[in-house]
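Work out the full structure, taking the sequences as your base and the hints as a guide.
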Amino acid sequence: QGLEQGYFGADVASIIKTSRAAARIGRRRLALRLGIFEQL
Numbered sequence: 143q144g145l146e147q148g149y150f151g152a153d154v155a156s157i158i159k160t161s162r163a164a165a166r167i168g169r170r171r172l173a174l175r176l177g178i179f180e181q182l
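In the numbering used here, the protein residues as written are 143 to 182.
Treat the hints as calculated values from the structure; they're not laboratory data. Predicted model only: the values in this text are computed from it and were never measured. We put the CB at the ideal spot given by N, CA and C, even for glycine. Be aware that a few hints might be false.
Estimated spans, in silico, between C-beta atoms of each pair [stated by the list, open to error]: (1) Gln181 - Phe150: 43 to 51 Å; (2) Arg171 - Phe150: 30 to 38 Å; (3) Phe150 - Glu180: 39 to 47 Å; (4) Phe150 - Arg170: 24 to 32 Å; (5) Glu180 - Ala152: 39 to 47 Å; (6) Gly177 - Ile157: 26 to 34 Å; (7) Leu176 - Ser156: 28 to 36 Å; (8) Ala152 - Leu172: 26 to 34 Å; (9) Gln181 - Ala152: 40 to 48 Å.
Right, here's the structure in full:
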C-alpha cells in the first residue's frame with residue numbers, strides 16, 4: 143500500500159505542477175488578447 147500511496151502522491155504533485163503551468167500560460171494568452179483589444 144505504501145508504494146501505491148507514493149505513486150498517487152507523485153501523480154497529484156505533477157497534476158498540480160501542470161495545472162499551475164497551464165494557469166500561467168492562460169494568463170499570458172489572456173494578457174495578449176487584452177493587449178490586442180486595447181490596440182483596436
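Would you list, in rising numerical order, the hints stated earlier that this structure does not obey? none
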